[in-house]
Amino acid sequence: MGVGEYGDLFWDLAPSMVYAAGTEFHARIYVANITDVDRQYMLMATVSREDQVLSEFPVTVDGAAWFTVEANNVVSLPGAMTVDYSDAVLTLSLYEKESNQVTDSIFTALTSQGTQYFPQLPGLPQLPTGATADMMSPLMTLVVLMMVMMMLSSVMKGAAK
1 MGVGEYGDLF WDLAPSMVYA AGTEFHARIY VANITDVDRQ YMLMATVSRE
51 DQVLSEFPVT VDGAAWFTVE ANNVVSLPGA MTVDYSDAVL TLSLYEKESN
101 QVTDSIFTAL TSQGTQYFPQ LPGLPQLPTG ATADMMSPLM TLVVLMMVMM
151 MLSSVMKGAA K
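The sequence shown begins at 1 in my numbering and counts up by one.
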């Protein structure tokens, strides 16, 4: 059995959320044991920005780092978390004890002011930044203004007939 076949990890957080560093947020985490034997798992949270790890810590379940999920079962783990950073990516990894490997990971972007400060998520292309992003806003304004003028001109031509 290869890594990734030992369990699955899900949560109810969106791919991104506006977040103020140091505030508590609530999440429900689901761990699925997709094997025919009981397994022990551990959750590890990592906060990163670009390629730099800012913080890493275990997420305890009932005060313990490792917890058991029965064979072919899913557990629901409600809880709350506080992260000391925003404009970063929060990754939650599921470790399986027997293989001592990460079997699944999930992530969300913690942004301070919406998509303008959206951090790079794993596996996605880089968003435009710098001069390219600064030029997009005036360009879009010009395009929208031209479309409005074209629509008004066609309406006025139709009314004149």
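Just so you know, not all the hints are guaranteed correct.
FRET-style restraints, in silico, Cβ to Cβ [stated by the list, open to error]:
1) 73 / 44: 36 to 44 angstroms
2) 40 / 84: 27 to 35 angstroms
3) 53 / 12: 20 to 28 angstroms
4) 30 / 97: 17 to 25 angstroms
Cross-link-like lysine to any residue pairs, in silico, SDA-like; alpha carbons within 25 angstroms at most [as the list claims (entries may be wrong)]:
5) 97 / 69
6) 97 / 70
7) 97 / 87
8) 97 / 59
9) 97 / 32
10) 97 / 58
11) 97 / 57
12) 97 / 20
13) 97 / 84
14) 97 / 11
15) 97 / 45
16) 97 / 64
17) 97 / 50
Note that these hints are calculated values from the structure, not bench results.
Keep in mind it's a predicted model, so treat the numbers as computed, not measured.
For glycine and all other residues, C-beta sits at the position ideal for the given N, C-alpha and C.
These are the hints, each one checked on the structure:
The hinted window of 36 to 44 angstroms between residue 73 and residue 44 is violated, with their beta carbons roughly 21 angstroms apart. At roughly 29 angstroms, the beta carbons of residue 40 and residue 84 sit within the given window of 27 to 35 angstroms. Separation of residue 53 from residue 12 is about 25 angstroms and conforms to the stated range, judged on CB atoms against 20 to 28 angstroms. In this structure the supplied range 17 to 25 angstroms holds for residue 30 paired with residue 97, their Cβ-Cβ distance being about 19 angstroms.
Under the criterion of a C-alpha separation no larger than 25 angstroms, the hint pairing residue 97 with residue 69 is consistent with the structure, at around 12 angstroms. This hinted pair checks out: residue 97 and residue 70 have alpha carbons roughly 14 angstroms apart, not beyond 25 angstroms. Taking the CA atoms of residue 97 and residue 87, the gap is near 32 angstroms; set against the 25 angstroms cutoff, the hint is violated. At most 25 angstroms may separate the alpha-carbon atoms for a hinted pair to count; residue 97 and residue 59 meet this at roughly 15 angstroms.
Distance hint between residue 97 and residue 32 is fulfilled; the C-alpha atoms sit about 14 angstroms from each other, no more than 25 angstroms. Straight-line distance between C-alpha atoms of residue 97 and residue 58 comes to about 14 angstroms, which keeps the hinted pair within the 25 angstroms bound. Taking the CA atoms of residue 97 and residue 57, the gap is near 17 angstroms; set against the 25 angstroms cutoff, the hint holds. Using a Cα cut-off of 25 angstroms, the hinted pair residue 97 and residue 20 is violated, with the two alpha carbons roughly 34 angstroms apart.
Restraint check for residue 97 and residue 84: the C-alpha separation of about 28 angstroms exceeds 25 angstroms, so the hint is violated. The suggested pairing of residue 97 with residue 11 holds, with an alpha-carbon distance near 21 angstroms, which does not exceed 25 angstroms. For the hint linking residue 97 to residue 45, the alpha-carbon distance of about 16 angstroms falls within 25 angstroms, and the restraint holds. A distance of roughly 14 angstroms separates the Cα atoms of residue 97 and residue 64; the hinted pair therefore holds under the 25 angstroms criterion.
The straight-line distance between the Cα atoms of residue 97 and residue 50 is roughly 29 angstroms, outside the 25 angstroms bound, and the hint therefore fails.
Checked against the numbered hints above, the structure violates hints 1, 7, 12, 13 and 17; every other hint is satisfied.
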